[in-house]
Amino acid sequence: MTNKISIRELDFYYGQHQALFDISLDISEREVMAFIGPSGCGKSTFLRTLNRMNDTIPGARVKGSVEIDGSDIYASRTDVVTLRRKVGMVFQKSNPFPKSIFENVAYGIRINRMHTSKTDLADRVEKALRDAALWEEVKDRLNTSAFGLSGGQQQRLCIARALAVQPEVLLMDEPASALDPIATQKIEELVVELKKDYTIAIVTHNMQQAARVSDKTAFFMLGKLIEVNPTQRMFTNPDEKLTEDYITGRFG
Amino acid sequence: MERIIDQQLGILRDKLLLLGGTTEMALRRSMQSLENRDSVLAQKVIKDDRIVNEMELEIDQLCIEIIALHQPAAYDLRFVISVAKITPVLERIADHAANIAEAALILNDHPEVRSFNDLYSMAEIAGEMLKDTLDAFTSEDGKLSRQVIKRDKEIDRAYDRVFGELIELMIQTPSVTSPAAHLLFVAKHLERIGDYVKDICELNVYLTEAAFIKHKPIKKKKKKEEE
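The listed protein sequences derive, respectively, from chains A and B.
Quick note: the first sequence uses the working numbering, first residue 1, plus one each step.
Quick note: the second sequence uses the working numbering, first residue 1, plus one each step.
The shape of chain B in the complex, shown without the other chains:
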């Protein structure tokens, strides 16, 4: 027999996945608006951010209701806590997507600066990581979550390269400083998205293994330093 709480947890799962899907789409569209110089699409991404905010509030409310009315324990409790902590992270990722779209609007008013492949590969990796972490959440796959965490380094390395190239460009061609600075912001947004996806992966591990892997215990860290 299905427990009453199962129905609520099912709704919560669906709402989170819908938020995840909407966030993925926002990220993809924001980069498309930049690549294709599509200001209409950029406007849509910015406008749709409100939908994400509403979704966040709905999920918050449902988490509070489940805790208050059903007093979840063990896996159920970890599930509700994980969803409550993943939700604002997804919302922030969507905020970054909206910020990229805002940058796209400005950049689309300037002549195109040369294409930065690393910027698009950063977005590609971030998109894949986001998709994989949502898959890992759905399938309760702690192993996949740990693999996704490792990919954040790929984004960081690409960011370093983009950063160097853009600074170089600003020095060489001061007339493009303004658009280059906006591209730098875009790169920074993507780098942050990588960090946020990592946070979600860590919460997936908490959900499946009840282990906190976000911060290493102080003692171990000290030991390492001593070594």
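Bound-form chain A, shown alone:
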């Protein structure tokens, strides 16, 4: 598989505080990679370096390189808006806009002027909702408020919103941590389904979730990448003692 994302010798600082140390990692095209590790280990920070979401934080600094399709996303010529369209993000807490279900998904399509007509816009919204496995549940109430949806549905709406602008990479930061087991299962099934078309990086605290949905797992601790391996190896016979101790719950 070809590398979609290549990270080399990445350091990250919040002002004086170094949060990531010398991370080098490749993520292949149409692969799900899970990032696991104790709270504060840098896995979310690392995820956010992949679409420059950390740029908005005052004092944030990056050293090293992150290449997507061979282009350095931190190069001065990179257009951050285009980058974030290409690398979509779904957050822990679903954050729909205070608009209708339809408008939530249509928003990104509109501002990026991706549609050619009203019908095309409607088609794109439908496709995104179908891809997010939400269409059947909302097709009869597209013009009602997004806040009327359940937590799991809102999260899938956010995924639909991310998909609507046709990204190539999806970053998911604990997308199911606030959901009940059934909604969680739906998100997990969706991740597996989306992998056919997208490259996915997912941060999760739920180790079983990482085991279920990912092809590879990367374990972070204290800002360092301790181990990255195929998920089945990681959970049956990890290379590193630290990984073993973490996944078997020997430390928190």
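Calculated directly from the structure, the hints in this document are not laboratory data.
Check each hint, because a few of them may be wrong.
[As the list claims (entries may be wrong)] Label-pair ranges, simulated between beta-carbon atoms: (1) B:E128 x A:P230: 36 to 44 Å; (2) A:F21 x B:R157: 55 to 63 Å; (3) A:Y13 x B:P217: 43 to 51 Å; (4) A:P230 x B:T177: 55 to 63 Å.
Ideal Cβ placement from N, Cα and C applies to all residues, glycine included.
Using the hints, position chain B against chain A.
What follows is chain B alone, placed relative to chain A:
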């Protein structure tokens, strides 16, 4: 701080070792019942096989509970899987011991056929192998497990000798065919026990090294054949 799963894994380990000890005793007693022509002891071995069966069920249940409730990973997972796979092997060894005891009951009703040293040395080696593999499991000693595996050949060679001698005896003295046939069964049970101990050793290696050594990969085997 001890993890909740540690307590469960500790209980599982103890139960397996108890089963191992009971199986060792069954094998030792079954051969004693044969050597000393002790039918009372043979009856006890046969009766006690039920205890082994109960132990197997208890271990199965605990393995299922640990997997369902604690979702073990890495070493913990390999430990539970190894115990779940070692348990029925020990139970089968105990079955063979009970079968030897049954043979002893029949043989004790016949006049004694001459002693076959190799038969008792087979039992001795099998007993030592079983003890060593349980020690290797306890101490997580992959090296010792690999050494024990090699000893299975000693049993196989002794079996070949016993087999030859008993066939010869049946030809020479047809009147002892029946007891000789039962002795042949005893030898076969011991030979099988050697194979089972080998299986446990292979699971010990899986536990400690996460490597499957039971079957060679097909590709390598083919290469060897070509050579």
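To see whether the hints hold, each was checked on the structure:
no.	hint	verdict
1	B:E128 x A:P230: 36 to 44 Å	40 Å, holds
2	A:F21 x B:R157: 55 to 63 Å	59 Å, holds
3	A:Y13 x B:P217: 43 to 51 Å	48 Å, holds
4	A:P230 x B:T177: 55 to 63 Å	59 Å, holds
Figure legend: structure checked against the earlier numbered hints; every hint is met.
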